[in-house]
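Fit chain B to the supplied structure of chain A, relying on the hints for placement.
There are 2 protein chains.
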Amino acid sequence: MYLIKIGGSLTYHVKPLLTTLKTYAKEKDKNIVIIPGGGEFANVIRKIDKKLHISNSLSHKLAIKSMDLVGEVFSEIGGIKKYDNLFDLKKEIRKENIAILLPSTILLSTDMAEHSWSITSDSLSLYIGKLLDVKEIIIATDVDGIYDKFPGGKLLNTINANDIKGLTSVDEKFPILLKQFKMKAYVVNGKFPERVIDIFERKNTICTKII
Amino acid sequence: MYLIKIGGSLTYHVKPLLTTLKTYAKEKDKNIVIIPGGGEFANVIRKIDKKLHISNSLSHKLAIKSMDLVGEVFSEIGGIKKYDNLFDLKKEIRKENIAILLPSTILLSTDMAEHSWSITSDSLSLYIGKLLDVKEIIIATDVDGIYDKFPGGKLLNTINANDIKGLTSVDEKFPILLKQFKMKAYVVNGKFPERVIDIFERKNTICTKII
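Sequence order for the protein chains is A and B. With my numbering as the guide, the letters of the first sequence map in order to residues 1 to 211. With my numbering as the guide, the letters of the second sequence map in order to residues 1 to 211.
Bound conformation, chain A alone (with noise of 0.2 Å):
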């Protein structure tokens, strides 16, 4: 099973990339779960933040719905179906190798993650991945991946969690969730499908990965 999490900055541009893994997943009968991103969506919820100093639990949770509201997007423009528990999903998604994680049911239901914004939709990815026990997660962006410094730097192949400090296109706590759950991470720019699929077959690629 393939773990992606396609990030809400994606969304304008998203269509060729659901497009090229819904037919992948189908032609290769190569099980798909996309995890949304809160996208324009959790950027209000910042704004909000920033000018009425909502707590950090609420903002969480906001945060964590918008990622559904993206979902649902995702689901339309992709024809692809979504589930909202993991025991339906992984019943379905024999049918059609596809699905989307709107996750909101999940984490709210669990509590698992720290209510702070250092804590993103990547970082609840991985939470996710934990619980369908994958060992490695693709987070699409909008940028080709992580960069020795950004803007202006290089872009780094491969990158040690422990050595991610600073400004990355992944949150805060990812790079010590990626360890503490013993997963690895691909960070890659979305907008090329041809990329994300070379990481599923193993190919070199333009991307970072984390171990």
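Do not rely on the hints blindly, as some may be mistaken.
[Said to hold, decoys possible] Label-pair ranges, simulated between beta-carbon atoms:
| # | chain 1 | residue 1 | chain 2 | residue 2 | range |
| --- | --- | --- | --- | --- | --- |
| 1 | A | K135 | B | T23 | 53 to 61 Å |
| 2 | B | N85 | A | D111 | 20 to 28 Å |
| 3 | A | H53 | B | E92 | 22 to 30 Å |
| 4 | A | I197 | B | K165 | 30 to 38 Å |
| 5 | A | K90 | B | H53 | 27 to 35 Å |
Keep in mind that the hints were calculated from the coordinates and are not lab data. Just so it is clear, CB atoms sit at the ideal spot from N, CA and C, and this is done for glycine as well.
Relative to chain A, chain B alone:
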């Protein structure tokens, strides 16, 4: 029971209104039900719809879910309990005299309204008003009421629902539903909480009454 829909456009100025309503409800032992608008979350959906042409049904669903998100913010900012169903709301409102309704459970489970952008949180609030069997609704927004033309026109004290045409501070379907449900409405600027209280108390104030 008073029913007031508070527009999401008031999010950043909502605290004085919520505080005033909470105090008034307690002191006068009057029940106030608050329905939130979708605010900037709904604007994100409009943008996604414009760029990706999602279905009217999906826009409708996401707009309804946006109302819940704003309701969660109002609940925390105002220290007012929130409910997602009228059974609990009607039972519990006796204690604190005020409640916020997160309307998505009701609106999606009953699916009473047309799926179109001519129905927004204003009209959706009328469906809730009908379920609550109220005869009046207050629409708190960020303008003083309905103008004979906008911008630059004269504020109308009263307008017949039949005469509402074109761009106003309520949605397109609102006057039609108002007649159909035999309800009256007040459009008032929520940045001036005393005007809302004046409406409760049947005093003259700056607002537009729709009959």
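Now for the hints, and whether the structure bears them out:
Taking the beta carbon of each, K135 of chain A and T23 of chain B are about 56 Å apart, inside 53 to 61 Å as hinted. Checked against the hint of 20 to 28 Å, the pair N85 of chain B and D111 of chain A passes, with Cβ atoms roughly 22 Å apart. At about 27 Å, the beta-carbon gap between H53 of chain A and E92 of chain B stays in the expected band of 22 to 30 Å. Look at I197 of chain A against K165 of chain B: about 54 Å separates their beta carbons, and that is not inside 30 to 38 Å.
Taking the beta carbon of each, K90 of chain A and H53 of chain B are about 32 Å apart, inside 27 to 35 Å as hinted.
Checked against the numbered hints listed earlier, the structure breaks hint 4 alone; every other hint is satisfied.
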